[in-house]
Amino acid sequence: MNIEQLPFWVYLERNPLIWLLVTLAAYVLAQSLYRRARCSAWFNPVATTVCLLVLFLSLTGVPYEDYFAGAQFIHVMLGPAVVCLALPIWQNRRSLRRSLPALLPALLAGSLVSVLSALGLAWLFGLDRSLLLTLVPKSVTAPVAMGIAQDIGGIPELAAVICAVTGIFGAVLALPLMQRLRIRDRRARGLALGVNAHGIGTAAAFQQHSVTGVYSSIGMAINAVLTAVLAGTLLMAWI
Amino acid sequence: MLVALTLIIGLQVLGTLMVELLAMPIPGPVLGMLLFLLLLPLLPRDWSGLDQVTRFFLANLSLLFVPAAVGIVRHLDLVSPILLQLLVVLLLSLLIGMAVTAWVFAVLARRLAPARDEELEP
Chain P
1 MNIEQLPFWV YLERNPLIWL LVTLAAYVLA QSLYRRARCS AWFNPVATTV CLLVLFLSLT
61 GVPYEDYFAG AQFIHVMLGP AVVCLALPIW QNRRSLRRSL PALLPALLAG SLVSVLSALG
121 LAWLFGLDRS LLLTLVPKSV TAPVAMGIAQ DIGGIPELAA VICAVTGIFG AVLALPLMQR
181 LRIRDRRARG LALGVNAHGI GTAAAFQQHS VTGVYSSIGM AINAVLTAVL AGTLLMAWI
Chain U
1001 MLVALTLIIG LQVLGTLMVE LLAMPIPGPV LGMLLFLLLL PLLPRDWSGL DQVTRFFLAN
1061 LSLLFVPAAV GIVRHLDLVS PILLQLLVVL LLSLLIGMAV TAWVFAVLAR RLAPARDEEL
1121 EP
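Sequences listed follow chains P and U, in order.
For the first sequence, our numbering begins at 1 and goes up steadily by one.
For the second sequence, our numbering begins at 1001 and goes up steadily by one.
The following block holds chain U by itself, in its conformation from the complex (with noise of 0.2 Å):
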């Protein structure tokens, strides 16, 4: 386990020192997950415990980001004017974002790659 814990922090830097030195337009991490998905296929299966490590990461996912949400507490005063606005903006783009994804999805699937059963709800 501490093995692929060592890993992925270590594709994490990789990533990060890459995007730095070669000036990437994507952060560090996203990196490091594209280097990842380069290795994974060298990999064997459950290598040194890193389903569990992978799985115990992404259960948490939403625990993570706690801290620096907490920062909206440095710009309260940014945004209680402005809260009508901009809850009404992330509705509206929202729902519009949605219907497009699934619509463009399942136009195209249709033709493409039809549905098999267990992809079709009841």
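Okay, chain P solo, but in the shape it has when bound (with noise of 0.2 Å):
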């Protein structure tokens, strides 16, 4: 079936409107499957989402950019909530000073390692270069991975995919990685977390405690402000 042979489609196609709402619809229908599966990192209502979009886009014939006149409401939402962060931050000042000289060297370690061994597995594996840079902001929150992304010339579409892959492999595997290691501290989970798989991380962290959370946040914000400088400014003079 075409779906441009149907008749109320002309009228759809026209109002940029219908976007949006597919965008949401198909959210909060992934919600509801994330829920009823427990909220089990594989049902990620991000994945979910994104594979529906892509294969209704994909099945009817409609083209990203037609898609995205509706869906950039959304899209522009991106940026202020970035700046929320500074608030979880803030509100969890104190901890934070306490296990400051723990928590410095652990986020640049953290950072460093996560972007270099990307760019280093990338290169033995072949990648071509606009995939390896890429790859450099792929544990950073998606807002920022792409706004990094686009500064360096990698593929800011591609950087939101990775992104929610690698977020979605950090919540699942976090708690066994950190059973087999030994890890009892939760400032240390919820850091490892917050760094490596962002967002989708933070949210599998607050699952755990409310101190794993409250430093998957922080490792989230300050990674994203260093991939941010190490790819600026390293980066560019390197590649």
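If a hint is listed, it holds; no wrong ones were tucked in.
Covered stretches of chain U, as calculated for chain P (at least 3 residues, CB under 8 Å):
(1) 1043–1056
(2) 1088–1100
(3) 1103–1115
Derived from the structure by calculation, the hints contain no laboratory data.
Everything numeric in this text was worked out from a predicted model, so none of it was measured.
Glycine included, C-beta positions come from ideal geometry on N, C-alpha and C.
Each chain sits in its own coordinate frame; assemble them with the hints.
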């Protein structure tokens, strides 16, 4: 069946709001599926929503530009959302100040190792330059990651997808990894999740414990700044 | 609430402008966040519904990058031939990154900032 033959389609097609509606509806559906699956990270709502929408666009042949004309109303809220990350940092300043001597080196090491290991491995596998650059912000919260990818010559949309995949892997694997490494400190567990699996990891961290969640938020926020600076200064000079 | 929303959007615009004008190596919203962090100590607690606005944004953070991620439809032919390599790179790099972050923190914290009871898994 060709969707363009439906009589109401002509009207809907000219109204970009339809794509805002489709995006919201797909997300609401994905969220209820996620709850049904008892918040298993494999049913991550972002992953489900993106799969649904990509499938829908591929089947109907609607160009991405048409879709984005409506979906941009969600997209423009990314920037303000990043600004909001300042609040959890400020609210937890006391615990953070006490942990600072361990926090800063761990953040620096985590950010560096995350970026360098991805670059090194991708280079070993023979992936090309634009992909290498797209991998740089893979552990950064997606809105910032897309900005970084754009700035250094990667592919922003691909960066968003790579972030989602990284976040889902992180949310699933963090607990077994920490148990195997015998790390009981919730601050360390949270930080590892936030620095490496950003927002999706932070959601998983809050399910474990509030301390884990707070340190994950901090890890995510500071890693976003650190990676942006690292990518902007070091990589531009180097590659 | 509207005042808080205006402030947050204003900070982002300010951040983006400053990044452009001063050619800084970070995205505009990140600078906006840093400016917000400087401003927060000056504001009264929960000024003008700031908590509510912030909570709304952060609770729905993942929805916000759906439109961009759907842009992958334009790059399917680039990704599909290297999908396996890409997944292996992401997985290995993630495990290395998480292990290093947690380990560095745990080793340093044991001497410099020992965990309190509520900070330890049983």
